[in-house]
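Could you build the full structure based on these sequences and the hints that come with them?
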Amino acid sequence: MKKQDINGAEALIYCLEKLGVEYIFGYSGGAAIPIFDAIITTGTKIKLILTRHEQGAAHIADGYARASGKPGVILVTSGPGAGNIVTGLMTAHMDSVPMIAITGQQIRPMLGLDAFQEADVFNITMPVTKHNYLILETNQLPEIVHEAFSIATTGRPGPVLIDIPKDVSSGPFTGSLEISASQVTAPKLATISAKTIKRTTDLLQIAQKPVILAGHGVLLADAQDQLRAVSKQFDVPVVTTLLGKGAVDETTPLAYGMLGMHGTAYANKAILEADLLLNIGSRFDDRIIGDGKSFGKDATIVHVDIDAAEMGKMIRPDIAIVADAKQFLTQLQATKQAANHQNWRVRLDGYRKQFPLGYSDEHGLTQQHILDSLNHITNGEAIVTTDVGQHQMWAAQFLKTKHANQWVTSGGAGTMGFGLPSAIGAQFACPDKPVVAIVGDGGFQMTLYELATAALHKLPIKIFVLNNHYLGMVRQWQELFYDNRLSGVDLEGNPDFVKLAESYGIKAFNIEKASKVDSIIQKVMAYNGPVLVNCEVAKTDNVYPMIPAGRAYTDMLTEAPTEKLEKPVGST
Amino acid sequence: MKKDTDHTYILTLTVRNRPGVLVRCAQVFGRRGHNIEALAVTADINNRSFSAMTITAYGALETMNQIVAQLTKLVDVTNVTEEETL
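Protein sequences, first through last, are from chains D and L. The C-terminal position of the first sequence is numbered 572 in the numbering used here, with every residue numbered one higher than the one before it. The C-terminal position of the second sequence is numbered 86 in the numbering used here, with every residue numbered one higher than the one before it.
A couple of the hints might just be wrong.
Stated by the list, open to error - Straight-line C-alpha distance at most 25 Å; calculated SDA-like pairs for lysine to any residue: (1) K313(D) <-> N79(L); (2) K73(L) <-> I192(D); (3) K73(L) <-> E143(D).
Unchecked claim - Simulated restraints on C-beta separations: (4) A40(L) <-> L357(D): 50 to 60 Å; (5) E17(D) <-> A40(L): 39 to 49 Å; (6) L111(D) <-> G33(L): 24 to 34 Å; (7) T14(L) <-> L111(D): 23 to 33 Å; (8) A26(L) <-> L136(D): 15 to 25 Å.
The hints are simulated quantities; they were obtained by calculation from the structure and are not laboratory data. Think of the CB as a built atom: it goes at the ideal place given N, C-alpha and C, for glycine as much as any other residue.
This is how it looks when you write it as structure tokens:
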């Protein structure tokens, strides 16, 4: 095919291929037909994966991106197709996940005329993307696509959407497919001054009770090796955010688990008592700080973030360092300085013994038991995806993350229905690694249509539906803060999940008894193909520890409260 | 309503002259329920690729600094300056 004979859609596919795109996750429709056609006419190596819903495509691409570190690409049609990806874009945007969304659009002369499946996707998606485009000239395609990839993957990553009218994608392309690097500008970071590094190492040496708070930024910067080295070099305990899991190997002595609302008691005690808090790549989310006025008030706070807009947004740091986590940690490492904080570690290890994560199957099989067994049987080596709610918090507590990009969860947006499609994306990204989806019965039913995608591609994902027949986290809040008035949380009418999975040709099991947990999980993990396990678990268990929303770390509950709690203020 | 801690700020932005840039800037104010009191957008006659935007808004210094930081982060915004008026 001669270059001058190609259309816009074909130019787009050439660009995507050149940019190293391996998969396009998509769902077709009228305005996207030329682009789907170009996947065939160009003979591209890119593999098209047809999902069962546009939201599914978006979360699959998100899971692919989080597990591989490469941007996920989705392709959907105009109007409702684009509307259905809004939650997926928001999820990726809140968690800084690189993604490229290509949406078909009505032809240019019909824009703004309420034409069939025409929607103002450019404006609808502006607040849920890092940047977006409406392409008005076919020849602009290569430059915009390259710029979109650069924006999605550099600085603080995020999703970028490209809206392409059908007459633009099917119109003749007469421009150049060659894009020089100079045409695409990536943000440049200033080097961190020797003085700032010296101040930080001085603080790490003077501090009696330092803590590193590691967030998603460490993983996005691929700086987990440097973080692990620096924590050892300066002998500093590390706590992570929900999305920072994997920044340190959680089975090693300096790792104290997740902090915050449902963090471990020892991580939260570390924060409460710390005299130095070195936050690397976390945005001090409200689930972490609780009460912003008291958070870290006795600590010197150093905040390292690639995004200058995070400095002082939630917590005012004593030292603000706008930098890439890897760059910062590499410079710290290079100082060859060291420190010893043995007394502090011994104190925190005392808390670790005093407040261990535990569970009892007295009132029925617990979700924690299943997660704990899964942790041992997989030896912490599986990629784990989750939905949102109680099971997500217990999974964060009990599944010890050893490696980067091994823990895939919707943090900022808290998107139910994320677990199954993101597991599919993670398995496409890492075909040789075990992938486990931990989902609740509520979230699972929001995106279970993607069982077809898993079955079709024989993806050996293991889906554990932790089925308590409730929207458990909301029920927990209603019990604790609303006099146990349960409103809109009883999921009566759940289907038989085993039969449902089997109807897709997916092997399925039930777990009902604690005594069967280990043997069934072993069988499931050894099976080469997709499996669903419906786990009938205790209906009214609650997640602890808990720092009620907007409250101080001193208000942490390590077990069920004996008094009625006040309704949360300061955050939802 | 204007609070005692609020002051009037004038933000001057240099923006890429692309469709949607006004909406992007307005959204930074709108999502937090913040009002724009006055607005002017003028073309840069020397370089049609850029426009100058002048935004007047009331607010506390911290809020305004956060708004400036979030405006600065927009891909189509190349520069922001902030000035308090009497």
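Hints the structure violates: just list their numbers, smallest first.
Going through the list in order, the structure violates no hint and respects every one.
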